[in-house]
Amino acid sequence: MATHLLPAVSALVLAALSCHARAGSVVEERVEETYPLSADATVSIRNADGRIHVYGSNKNELTIVAVKRAFTKERVAAIKIDARVDATSAVIDTIYPPAPEGRFKDRSGTVDYMLYVPQACTLTKAELANGEILLQDLRGPSASSSLGMGRSHVRNCFTDLSVTVGSGGLDVFYTWWESGVFSVDAEIANGNVRLTLPPNVAARIDLASTFGNIRDRFSKEPAKGEQRAVNTTLGDESSIELKVRATRGNITVEKAY
Numbered sequence: 001m002a003t004h005l006l007p008a009v010s011a012l013v014l015a016a017l018s019c020h021a022r023a024g025s026v027v028e029e030r031v032e033e034t035y036p037l038s039a040d041a042t043v044s045i046r047n048a049d050g051r052i053h054v055y056g057s058n059k060n061e062l063t064i065v066a067v068k069r070a071f072t073k074e075r076v077a078a079i080k081i082d083a084r085v086d087a088t089s090a091v092i093d094t095i096y097p098p099a100p101e102g103r104f105k106d107r108s109g110t111v112d113y114m115l116y117v118p119q120a121c122t123l124t125k126a127e128l129a130n131g132e133i134l135l136q137d138l139r140g141p142s143a144s145s146s147l148g149m150g151r152s153h154v155r156n157c158f159t160d161l162s163v164t165v166g167s168g169g170l171d172v173f174y175t176w177w178e179s180g181v182f183s184v185d186a187e188i189a190n191g192n193v194r195l196t197l198p199p200n201v202a203a204r205i206d207l208a209s210t211f212g213n214i215r216d217r218f219s220k221e222p223a224k225g226e227q228r229a230v231n232t233t234l235g236d237e238s239s240i241e242l243k244v245r246a247t248r249g250n251i252t253v254e255k256a257y
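Heads up: the sequence shown runs through residues 1 to 257, numbered per the working numbering.
Just so you know, these hints were derived from the structure itself, not from any lab.
There could be a bad hint or two in this list.
[Unchecked claim] If you anchor each label on the Cβ, the simulated ranges turn out as follows:
1) ASP82 - ASN231: 42 to 52 Å
2) PRO199 - SER38: 13 to 23 Å
3) ALA77 - LYS220: 51 to 61 Å
4) GLU237 - THR175: 21 to 31 Å
5) GLU74 - ALA229: 44 to 54 Å
6) MET149 - VAL181: 11 to 21 Å
7) ASP185 - ARG84: 40 to 50 Å
Where a beta carbon is used, it is the ideal one built from N, C-alpha and C, also for glycine.
Using the sequences provided together with the hints, build the complete structure.
The structure is reproduced here in structure tokens:
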């Protein structure tokens, strides 16, 4: 497996890196790289602060777009993107410098990622401490994401999906429905969940909130009163299961139009 520290200036960079600093503004540096990657590859990515957006595509390649931001050029340069990629796997890590000592030292730094991956790949982990995660159009064996604080979004992922959020919000959205074998296991400790489904959904629905309520805006005649748990089948009998858990927060089920 080849290891690449994505550089500020490199012949391999396919898009020009931009770095602009204005007085009192944020310094930004952009890097873009593309690697060949098999359709059934495994992909993982880890970041501390910023965004991780993962999009499934019909190309057998991995494109990494990374935007680093901080208050100084020196701080931006100290943030490293470690991409270890071969034909069947990609491991992307974000290396932040140690927090400097001193009250007024620069501790800034975020990285926003956009990954374009083969839609049939396995996303073993998208891990982020603070910020936003988006998974879209993934169709491989499985996909997993973990977010400490912030908001996590899932859009039209027909895979065995596992999503966890510590504090913030969680949106699981399907514009259309497809038959097949896939599942959703989504959980949040502190915050609300929105589950949006198309009218022709066919799945077993397993929802539970420990200290919140379940709000049904999908059914024509929703149940009256407070609900802490719902276990039902929507549409035809299906092997597809959507499981959603919230500890301290509400779960809302809506219809996609």
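Consistency of the hints with the structure:
no. : hint                        : result
1   : ASP82 - ASN231: 42 to 52 Å  : holds, 44 Å
2   : PRO199 - SER38: 13 to 23 Å  : violated, 36 Å
3   : ALA77 - LYS220: 51 to 61 Å  : holds, 58 Å
4   : GLU237 - THR175: 21 to 31 Å : holds, 23 Å
5   : GLU74 - ALA229: 44 to 54 Å  : holds, 53 Å
6   : MET149 - VAL181: 11 to 21 Å : violated, 33 Å
7   : ASP185 - ARG84: 40 to 50 Å  : violated, 28 Å
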